[in-house]
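Undergrad: With our numbering as the guide, the letters of the sequence shown map in order to residues 42 to 86.
Don't read these hints as lab results, they were simulated from the structure. The C-beta atom is built at its ideal place from N, Cα and C for all residues, glycine as well. There's no promise every hint is true.
[Stated by the list, open to error] Quick list of the computed label-pair ranges, beta carbon to beta carbon: (1) 49 with 84: 48 to 58 angstroms; (2) 77 with 57: 26 to 36 angstroms; (3) 81 with 60: 45 to 55 angstroms.
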Amino acid sequence: MKPLVPSTSLDHRIWLIITILFLDVVASSAIGPVLPAFVRGLMQL
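Work out the full structure: start from the sequences and follow the hints.
TA: Listed below in structure tokens is the structure:
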């Protein structure tokens, strides 16, 4: 029985999801320390 989705397409999607999650973690760790000060500045407006 053949799979519905070719394995190359599935592998590509998995790597895309992993890359997006990795970039999200890196971005949030970079922005995390800056964000509370930014929010405090907005609340003072």
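Undergrad: All hints, please: hold or fail.
TA: Evaluation of the provided hints:
no., hint, in the structure
1, 49 with 84: 48 to 58 angstroms, "50 angstroms, holds"
2, 77 with 57: 26 to 36 angstroms, "31 angstroms, holds"
3, 81 with 60: 45 to 55 angstroms, "33 angstroms, violated"
Violation of the numbered hints given earlier is confined to hint 3; every other hint is satisfied by the structure.
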